[in-house]
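Counting in my numbering, the sequence shown runs from 25 upward without gaps.
In case anyone wonders, no lab produced these hints; they're calculated from the structure. Take these hints with a grain of salt, some might be off.
As the list claims (entries may be wrong) - Derived Cβ-Cβ restraints for the label pairs, each shown as a range: (1) 107 / 128: 38 to 48 Å; (2) 26 / 50: 44 to 54 Å; (3) 101 / 73: 37 to 47 Å; (4) 69 / 27: 55 to 65 Å; (5) 106 / 73: 39 to 49 Å; (6) 93 / 55: 53 to 63 Å; (7) 103 / 77: 35 to 45 Å; (8) 82 / 55: 49 to 59 Å; (9) 33 / 55: 30 to 40 Å.
Using N, Cα and C, we set each Cβ at its ideal position, and we do this for glycine too.
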Amino acid sequence: MIATAGDTALIVLASFWGLLVLALCIVLLNTFRVLESTKMTIDTMREETVPLLREIKSSVEKTNGHLDRVGTVLDSAGSIVGRAEKVSGLVEEAVASPLVKIIAAGAGIRKAASRFGGQKRDKKKDEKDKSSGA
25 MIATAGDTAL
35 IVLASFWGLL
45 VLALCIVLLN
55 TFRVLESTKM
65 TIDTMREETV
75 PLLREIKSSV
85 EKTNGHLDRV
95 GTVLDSAGSI
105 VGRAEKVSGL
115 VEEAVASPLV
125 KIIAAGAGIR
135 KAASRFGGQK
145 RDKKKDEKDK
155 SSGA
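Start from the sequences, fold in the hints, and give me the full structure.
What follows is the structure, given as structure tokens:
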């Protein structure tokens, strides 16, 4: 049997396809290895992150509890401040009016005292001026 040119071309084509399939199998095998490695990495990360996320969740829950307590304390402090403002306002009203009256009376007494004291001094000064000038 003599091989014709067509037979030789088919053999070369079949060999080329065989090499192509072999190359594709190698590529697929490498792709499978990469995917398997990626899966293992993801599984390892999941094993590490799940406990970490649980810990974060418990920390956030504790923090929320503390924030609720702080909110209650701040509400109480605000209530105390409001009451203190009311008390100081009442004290101011109770003390301010009599205090203003006392200050006004004191100012009036001082002014009156300075007028009376000033008139006596002026009379004495006038008498000295008259005796020395006359």
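- Message: Run through the hints listed earlier and report the numbers of any the structure violates, in increasing order.
- Response: 1, 2, 8
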